[in-house]
Amino acid sequence: MLNLGAIEAFIPENDWSEYEERLEAFFIANDVPDKKKKVYVTISLLGRQSYSTLRDLCLPSSPSTKTFDEICALLRNHYQPKVTVVAESYKFYQTVQLETENVAEFASKVKRASAKCDFGTHLPRALRDQFVIGVKNQATKKKLLSEDKTFEDCQKIAIADETADREAKCIENENLLATPVNKIYTNKSEPRKRQVLMPQHKQFNCYRCGSSQHGANTCKYIKSICHYCHKPDHLESVCFKKQRD
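Sequential numbering of the sequence shown, starting at 211, is according to our numbering.
Since the hints were made in silico from the structure, they are not lab data. Built from N, CA and C at the ideal position, the CB exists for glycine as well. Don't take each hint at face value.
[Said to hold, decoys possible] Derived lysine-lysine pairs resembling BS3-like cross-links, with alpha carbons at most 30 Å apart: (1) 319 / 366; (2) 276 / 319; (3) 321 / 366; (4) 276 / 248; (5) 292 / 248; (6) 301 / 353; (7) 276 / 301; (8) 359 / 326; (9) 319 / 353; (10) 319 / 292.
[Stated by the list, open to error] Per label pair, the in silico range of CB-to-CB distance: (11) 232 / 259: 17 to 25 Å; (12) 292 / 231: 42 to 50 Å; (13) 262 / 373: 19 to 27 Å; (14) 215 / 333: 46 to 54 Å; (15) 216 / 266: 49 to 57 Å; (16) 231 / 384: 41 to 49 Å; (17) 292 / 216: 49 to 57 Å; (18) 374 / 232: 36 to 44 Å; (19) 357 / 380: 45 to 53 Å; (20) 349 / 387: 20 to 28 Å; (21) 216 / 369: 53 to 61 Å; (22) 259 / 355: 46 to 54 Å; (23) 333 / 257: 31 to 39 Å.
Whenever a hint applies, use it, and build me the whole structure from the sequences.
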């Protein structure tokens, strides 16, 4: 009885070789040595679109008449046509780190791009060189160009730089968050200083009534009698004698 693990239906846009490896592991884990049973399990896992493709590839025969190895070969050739080393090498040397990728993700992408390049013993140097060429941090790139390091060492240096940059940005953000508090304090204290250093005084233009809207010559209280000093020409509210007393 199959009860260990689970495999989703194959998606044509995905890598068939990876799916084939998972099928093999699934059969081993669930102890499925029977070759015919492997065929039926594979057919049931393909999904509608992939099974329709397999049927076309098997014509005029039926997929169930094929062996597991034959089915895998048909699907492998269909979904992963043979590529040239030149084309794969070209794609490898175009591999660069994207803005959304961290160093570890970029390193994995470089290794994945080299899979079909047939570099042989040249692989370690090819990985190292393309990693240095494609890493996005210019300070890290200069550092790696100045030293003869292995691919693994280059990864460690780049990850260390990436971590340092991330921590520095965190500290910078914390400082930015703290700055408005200081500004608020400053803004509150400054008006107080201005109030002390630059007090505002009312300026009266009319000595008869105290209004700042007209002069004494045009004041309507020019003939009024002060109720305090009983003298003419001004109101009690601006009486100089009352202010002195």
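Comparing the hints with the structure gives:
1. 319 / 366: holds, 16 Å
2. 276 / 319: Not OK: residue 276 and residue 319 at ~36 Å, beyond 30 Å, violated.
3. 321 / 366: OK: residue 321 and residue 366 at ~15 Å, within 30 Å.
4. 276 / 248: holds, 11 Å
5. 292 / 248: Answer holds: residue 292 to residue 248 is near 25 Å, not above 30 Å.
6. 301 / 353: Measuring from Cα to Cα gives roughly 25 Å; hence the hint holds.
7. 276 / 301: violated, 35 Å
8. 359 / 326: holds, 24 Å
9. 319 / 353: holds, 21 Å
10. 319 / 292: holds, 21 Å
11. 232 / 259: 17 to 25 Å: Holds, since residue 232 and residue 259 (Cβ atoms, about 18 Å apart) stay within the stated range.
12. 292 / 231: 42 to 50 Å: violated, 19 Å
13. 262 / 373: 19 to 27 Å: violated, 49 Å
14. 215 / 333: 46 to 54 Å: violated, 32 Å
15. 216 / 266: 49 to 57 Å: violated, 27 Å
16. 231 / 384: 41 to 49 Å: holds, 46 Å
17. 292 / 216: 49 to 57 Å: At 31 Å between Cβs, range violated.
18. 374 / 232: 36 to 44 Å: holds, 38 Å
19. 357 / 380: 45 to 53 Å: violated, 28 Å
20. 349 / 387: 20 to 28 Å: Taking Cβ atoms as reference, residue 349 and residue 387 lie about 26 Å apart, which means the hint holds.
21. 216 / 369: 53 to 61 Å: Distance hint for residue 216, residue 369 is violated at roughly 34 Å.
22. 259 / 355: 46 to 54 Å: At roughly 48 Å between Cβ atoms, residue 355 and residue 259 fall inside 46 to 54 Å, so the hint holds.
23. 333 / 257: 31 to 39 Å: The hint (31 to 39 Å, Cβ to Cβ) holds, given that residue 333 and residue 257 are roughly 35 Å apart.
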